[in-house]
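S.K.: Going left to right, the sequence shown walks through residues 1 to 292 as the UniProt record's numbering numbers them.
Any given hint could turn out to be false.
[As the list claims (entries may be wrong)] DEER-style ranges, computed between Cβ atoms:
(1) Thr80 - Arg164: 28 to 36 angstroms
(2) Asp255 - Gly30: 16 to 24 angstroms
(3) Asn137 - Asp204: 25 to 33 angstroms
(4) Pro219 - Asp255: 21 to 29 angstroms
(5) Ala253 - Arg49: 36 to 44 angstroms
(6) His93 - Ile172: 35 to 43 angstroms
(7) Arg265 - Ala160: 38 to 46 angstroms
(8) Ala160 - Gln94: 31 to 39 angstroms
(9) Gln142 - Ser259: 39 to 47 angstroms
(10) Phe281 - Gly146: 36 to 44 angstroms
(11) Asn233 - Cys86: 31 to 39 angstroms
What the hints contain is simulated information worked out from the structure, not anything from laboratory work. All residues carry an ideal CB built from backbone N, CA and C; glycine is no exception.
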Amino acid sequence: MNITDDIGPTSYSFVSQRLRLNYLDWGNAGAPTLILVHGGRDHARSWDRIARALRNDWHIIAPDLRGHGDSAWSPDGAYTMPYFICDLAQLIHQQGTEPVSIVAHSLGGAISLRYSGLYPERVRKLVAIEGLGLSPNDLEKQSAGGFADRWRDWIDERRALSSRQPRRYPSIDDALGRMRSENRHLSEEQARHLTIHGVNRNEDGSYSWKFDNYLRSSPPLDISDDELHALWNRIECPTLLAYGNDSWASNPAKDGRASHFRSARVVTYDNAGHWLHHDQFDGFLGDLRAFL
């Protein structure tokens with residue numbers, strides 16, 4: 001074991017679109033850069049096991065997305081894809097170590113896939129863990145009501161969120177129970193780690209999740225499917241699309257979405273859900289090492 005394996009990351013901040021955002025630096029600045037991008041309502045410390053395993057070979061940077069972890073909340077709740085992509089572009093630009101490799105989960109995967117299509121020359125390798133979003137069938141159902149209904153629903157949702165107070169948990173163990181209910185594959189140790197780094201303590205001694213409640217509202221407008229597929233097709237680097245066989249997410253090798261990539265391979269994991277990098281850590285880490 002390297003002597004640095006027990007040393008945690010250093011937190012830094014950078015400014016993007018007037019927001020002060022947080023990122024973790026795991027050291028080893030002379031090595032190639034690997035960016036780890038978490039998913040929605042998650043945080044950068046969810047990558048700790050992956051980072052510790054790879055830190056001796058890579059310079060690992062793990063950002064907290066806007067509205068997540070220790071990053072600032074958007075004053076107007078601006079959590080649309082262009083803002084997220086711009087934040088990632090700013091972080092990579094300021095690091096000055098292009099091209100980078102990226103491993104990203106869920107929302108982070110969607111952000112990273114689009115960034116890699118916009119700036120194919122800046123990404124060496126890309127791993128997206130369930131990052132393609134809803135399946136074609138689910139998207140069709142979602143759009144069945146028409147654009148006016150989607151906009152009205154979004155406005156009503158935002159209005160409701162304006163009066164919603166963050167839930168308060170009397171203790172860490174109460175918050176831990178909620179974490180475990182979201183993912184039954186997690187071990188007690190994994191769930192506790194994610195919970196400890198995912199909550200802030202309130203003045204009354206209770207605990208609340210760090211993420212902004214406005215993240216619960218999905219914007220009603222995005223680029224078209226054809227534009228998104230064209231963006232995926234612009235990705236030049238080798239790409240790994242990872243999926244859990246127990247997840248709600250649709251396998252892109254079966255639903256046709258993988259065909260929009262130039263060089264993408266799909267890998268799946270048994271006994272794993274949406275957070276497969278936690279659920280099947282050893283198997284995923286082995287595949288990740290080999291791919292990188």
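S.K.: If a hint holds in the structure, say so; if it does not, say that too.
M.R.: Here is how each hint holds up against the structure:
| no. | hint | verdict |
| --- | --- | --- |
| 1 | Thr80 - Arg164: 28 to 36 angstroms | violated, 20 angstroms |
| 2 | Asp255 - Gly30: 16 to 24 angstroms | violated, 42 angstroms |
| 3 | Asn137 - Asp204: 25 to 33 angstroms | violated, 45 angstroms |
| 4 | Pro219 - Asp255: 21 to 29 angstroms | holds, 23 angstroms |
| 5 | Ala253 - Arg49: 36 to 44 angstroms | violated, 27 angstroms |
| 6 | His93 - Ile172: 35 to 43 angstroms | holds, 37 angstroms |
| 7 | Arg265 - Ala160: 38 to 46 angstroms | holds, 42 angstroms |
| 8 | Ala160 - Gln94: 31 to 39 angstroms | holds, 37 angstroms |
| 9 | Gln142 - Ser259: 39 to 47 angstroms | violated, 22 angstroms |
| 10 | Phe281 - Gly146: 36 to 44 angstroms | holds, 43 angstroms |
| 11 | Asn233 - Cys86: 31 to 39 angstroms | violated, 22 angstroms |
In summary, the numbered hints that this structure violates are 1, 2, 3, 5, 9, 11.
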